[in-house]
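Asker: For reference, the chains in residue letters:
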Amino acid sequence: MANSMSVVEDGKKQFIVVKIGSEQYGIDISYVDNIVRMQKITRVPKVQPYFKGIINLRGEIVPVMSIRTKMDLEPDEFTDVTRIIILKLEEHGVLGILVDEVKEVVTLAPNEIDKVAYDAKNSKSSFINGVGKHGEELISLFDTNSIIDETETV
Amino acid sequence: MDVSQYLEIFIDETNGHLQNLSDCIMSLEKDPENMDTINEIFRAAHSLKGMAGTMGFKRMQRLTHDMENVFQEVRSGNMHVTSGLVDVLFQCLDAIDAYLENIKESSEEGTDDNEAIIQELNDILAAGTGNVPEEKKSEKTEEKPEKTEEKHSKKYLDMEFSEKEKEELKDAESKGMNIYGLTVYIQEECLLKAARAFLVFKAVEDYGNIVAYNPSSQDIEDEKFGVDFSFYLVSETSLEKILEVSKAVSEIAEVIGEKVQYSELTAAAEKKEAAEAKETAENIKIEDKNGKTAVVAVQAESAPAASKNTPAAKKSSGGKPVTNRTVRVDIEKLDALMNQVSELIIAKNSLVSIGSSSDGGVVGANSQAFHEQIEYLERITTGLHESVMKVRMVPIESVVQKFPRMIRDLSKKLNKKMELYMTGEDTELDRTVVDQIGDPLQHLLRNSADHGLENAEIRKKRGKPEAGSIHLNAFQEGNNVIIEVSDDGNGIDTENVKNKAIERGLITPEQGEALSQKEIIDFLFMPSFSMAKKISDISGRGVGLDVVKSNIEALGGDVEVKSVLGEGSKFIVRLPLTLAIIQALMVEVRGEKYAISLGSIETIEEINADEVKYVQAKEVIHIRGMVIPLIRLDQLLDCEPAESERESLTVIIVRKGDKFAGLIVDELNGQQEIVIKSLGKYINNSSKIISGATVLGDGEVALILDVNTLF
Chain A
1 MANSMSVVED
11 GKKQFIVVKI
21 GSEQYGIDIS
31 YVDNIVRMQK
41 ITRVPKVQPY
51 FKGIINLRGE
61 IVPVMSIRTK
71 MDLEPDEFTD
81 VTRIIILKLE
91 EHGVLGILVD
101 EVKEVVTLAP
111 NEIDKVAYDA
121 KNSKSSFING
131 VGKHGEELIS
141 LFDTNSIIDE
151 TETV
Chain B
155 MDVSQYLEIF
165 IDETNGHLQN
175 LSDCIMSLEK
185 DPENMDTINE
195 IFRAAHSLKG
205 MAGTMGFKRM
215 QRLTHDMENV
225 FQEVRSGNMH
235 VTSGLVDVLF
245 QCLDAIDAYL
255 ENIKESSEEG
265 TDDNEAIIQE
275 LNDILAAGTG
285 NVPEEKKSEK
295 TEEKPEKTEE
305 KHSKKYLDME
315 FSEKEKEELK
325 DAESKGMNIY
335 GLTVYIQEEC
345 LLKAARAFLV
355 FKAVEDYGNI
365 VAYNPSSQDI
375 EDEKFGVDFS
385 FYLVSETSLE
395 KILEVSKAVS
405 EIAEVIGEKV
415 QYSELTAAAE
425 KKEAAEAKET
435 AENIKIEDKN
445 GKTAVVAVQA
455 ESAPAASKNT
465 PAAKKSSGGK
475 PVTNRTVRVD
485 IEKLDALMNQ
495 VSELIIAKNS
505 LVSIGSSSDG
515 GVVGANSQAF
525 HEQIEYLERI
535 TTGLHESVMK
545 VRMVPIESVV
555 QKFPRMIRDL
565 SKKLNKKMEL
575 YMTGEDTELD
585 RTVVDQIGDP
595 LQHLLRNSAD
605 HGLENAEIRK
615 KRGKPEAGSI
625 HLNAFQEGNN
635 VIIEVSDDGN
645 GIDTENVKNK
655 AIERGLITPE
665 QGEALSQKEI
675 IDFLFMPSFS
685 MAKKISDISG
695 RGVGLDVVKS
705 NIEALGGDVE
715 VKSVLGEGSK
725 FIVRLPLTLA
735 IIQALMVEVR
745 GEKYAISLGS
755 IETIEEINAD
765 EVKYVQAKEV
775 IHIRGMVIPL
785 IRLDQLLDCE
795 PAESERESLT
805 VIIVRKGDKF
815 AGLIVDELNG
825 QQEIVIKSLG
835 KYINNSSKII
845 SGATVLGDGE
855 VALILDVNTL
865 F
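Taken in sequence, the protein lines are chains A and B.
1 is the number of the first residue of the first sequence in the numbering used here; add one for each residue after it.
155 is the number of the first residue of the second sequence in the numbering used here; add one for each residue after it.
In isolation and in its complexed conformation, chain A is listed as follows (with noise of 0.2 Å):
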């Protein structure tokens, strides 16, 4: 269902437009099942650092990871528009990521989408790309794959 609604005309995607920090970022909608409310998270020790640990989704156990974390961001500070995402992909199963905030959905064309050159030396770049131009404003655009690519091999 979600993959019938991310491709809205040609070529064009739909990204869900999320804050970190003081960045906004978009994901890509295909990818995302679904969108909670902040939950208890029960730490599992002697994991990855990044992973904050898991919930309880409607039964499910899933794991939630820190973008924060991992991009080497200051900790996350968790409000009332804290929100966790769940990715979705076919064969890896289902993902949290914490995010600040979730403003809005957008639909970019290719042309409002620039590619970013990846730059070794900066370890955050290396998830984002692409940056969409959405009137005034740039979107950092998640690489999905290689979120989740990076929590395998580490």
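Mixed in with the good hints there might be a few duds.
Claimed, not checked - Think about it this way: if two alpha-carbon atoms lie no more than 30 Å apart in a straight line, the pair counts; the simulated DSS-like pairs of lysine-lysine are: (1) Lys-835/B with Lys-46/A; (2) Lys-40/A with Lys-835/B; (3) Lys-502/B with Lys-40/A; (4) Lys-772/B with Lys-46/A; (5) Lys-842/B with Lys-46/A; (6) Lys-716/B with Lys-772/B.
Unchecked claim - What the simulated footprint calls covered on chain B by chain A, stretch by stretch (three residues with Cβ under 8 Å from a Cβ of chain A suffice, anywhere in the stretch; the number is not a length): (7) 172-182; (8) 848-859.
Hints were generated in silico from the structure; no laboratory data involved.
Fair warning: this is a prediction, and the values are worked out from it, not measured in the lab.
Ideal Cβ positions, reconstructed from N, Cα and C, are used throughout, including at glycine.
Following the hints, complete the assembly by docking chain B onto the known chain A.
Answerer: Coordinates of chain B only, in the frame set by chain A:
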């Protein structure tokens, strides 16, 4: 004919026959003159041939046909079983097995003709007897129907009629139609008797109406009959025509019938009522006789003369009705069912927690009744869970039954005499565990046969019997199933292992001195650590024990080794009985909730902080004569340190095999049935302390501690 829908039955039955053949040939090797065994092999080969033929697997049919030929000669005493023949027969089994594998994968038998094996079989046959003319055989087959015909009784005479059926028969006769009574005998080895019966009915219904059935049409449809069924047909056609069309259906052994008068029928029925007791007695006799004749008929097919004196006892299923009381279920459906039961248990747990929450607004005055119902619900869910678990349980027999054959082959290959003794083949385990336990066990057995047992010379010197013995014992112990593989061979030479470890730079000689026996043996479980002096194709490539260990650990079990140099070694495989739902003790550590499987908990102790002693700078307690190391879970699990040391400590004594450890926790939250859920792939849980998570009644998540990793 489209046979694809019967493929599964075929595969299943072929497997059964193969196993049977394998067992028989093994015992034949020990006792080559045993007629019962020889007959059993002949029958199994014959059934295989028939089934392969029906399914259109020509190559398989040909091979089994030749096997059958050989045994026909053995049976009639024209040749004797030699060890060469036994070897060829095992090759045949392997070839059939290969066909079967192909069939499983692609529904095709493959293209290997196995000419070499067939040639060998024929050579043996020729050497033993001189060539067997093919025609002779077909002649004999033709003889058979005449012989058996007399033995087929006119069972339709024993039928009873309802009032309605009587009306119909009377009606038909008054209209000038013929009433025929017919009894149809289906071939003993027919797989789909109901389908054959259906075809017979369909054929005769072109010519008339069937008025009465025995057994009832429903029973015939459900295959609830032996090899025969009777019916009455009202028709205008001649009896010959009816007999002809019904005999035309394949796999029908015989059809007998005659024209009857309504008056005769009713008279017969009345007579029957009058002498009911006598009739029943007679009936049983007829049944018996039939069961016997049916078996004889099967054997008569190719060797009528020889079959007279063979006991027909073993396979006399012919006479009694075959009631099929099992259902084949896809394991995925069982998984789905299991998941639903898990959900139900979680839902039940949340009801329990609502009920026990102090004021419980909704419940109020009815709390007594509410609690009773909750308890009732608890009993039901526990029972339901047990039932589902039982459905998923299969005996390990299906895995271990191939081992005697394997040991026999190894014995030949290694030129060592050995015997395998197995007990507890009926021990049951979850289906998924059984499916995966075969390879590790095979590894262990090969290990025992190759490395464990000494050669004959050394055995003699040590005063051991020439033939080495390998034991495979399976039994249940609490929530675990234990499978022990032991041998009376050389045992593990720990000095040797230690030197090897030093040689490979894994440890320094000084470290080596301090190692315990167990720690040294653990080296054997390291990847690519092989002790074999020379590599054989049986073992010694160093991809043995580490694979065994990881396979078994993946199933939630563990392996332990006990070994005495010169006396033998014992590998103890411990497997969990259930995979998905366990009884657990809920504990709290710094406000975090953890579950510990009840199966591994020995006792729970309340001790004073000053009872903690130190041995080698490690905390221990001394309790009932045992010194037990303590593990502070809060430190182990990287919790925030506690503000103040407590006066009294709650210690959970856990056990793995004969080792103990004490876990210090903050609080006990009681026992609960929990559903194990995986943490998912993203979390890199390399320490394995956390084996999974579970959802509690209030929706909270608790982690499951795998105490086996703490030792």
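Asker: With reference to the structure, classify each hint as holding or not holding.
Answerer: Going down the list of hints, with the structure as the test:
Between Lys-835/B and Lys-46/A the alpha-carbon distance is near 15 Å, which keeps this suggested pair within the 30 Å criterion. Taken as a hint, the Lys-40/A and Lys-835/B pair is honoured in the structure, with Cα atoms around 21 Å apart against an allowance of 30 Å. Taking the CA atoms of Lys-502/B and Lys-40/A, the gap is near 22 Å; set against the 30 Å cutoff, the hint holds. For the proposed pair Lys-772/B and Lys-46/A, the alpha carbon gap of about 22 Å is at most 30 Å, so the pair holds.
Restraint check for Lys-842/B and Lys-46/A: the C-alpha separation of about 9 Å stays at or below 30 Å, so the hint holds. Pair hint Lys-716/B plus Lys-772/B holds up; C-alpha atoms about 26 Å apart against a cutoff of 30 Å. For the segment 172-182 of chain B, the stated coverage by chain A is violated: 0 residues have a C-beta nearer than 8 Å to a C-beta of that chain, whereas at least 3 were required. Here the segment 848-859 of chain B counts 6 residues with a CB under 8 Å from a CB of chain A, which clears the bar of 3, and the coverage holds.
Checked against the numbered hints listed earlier, the structure breaks hint 7 alone; every other hint is satisfied.
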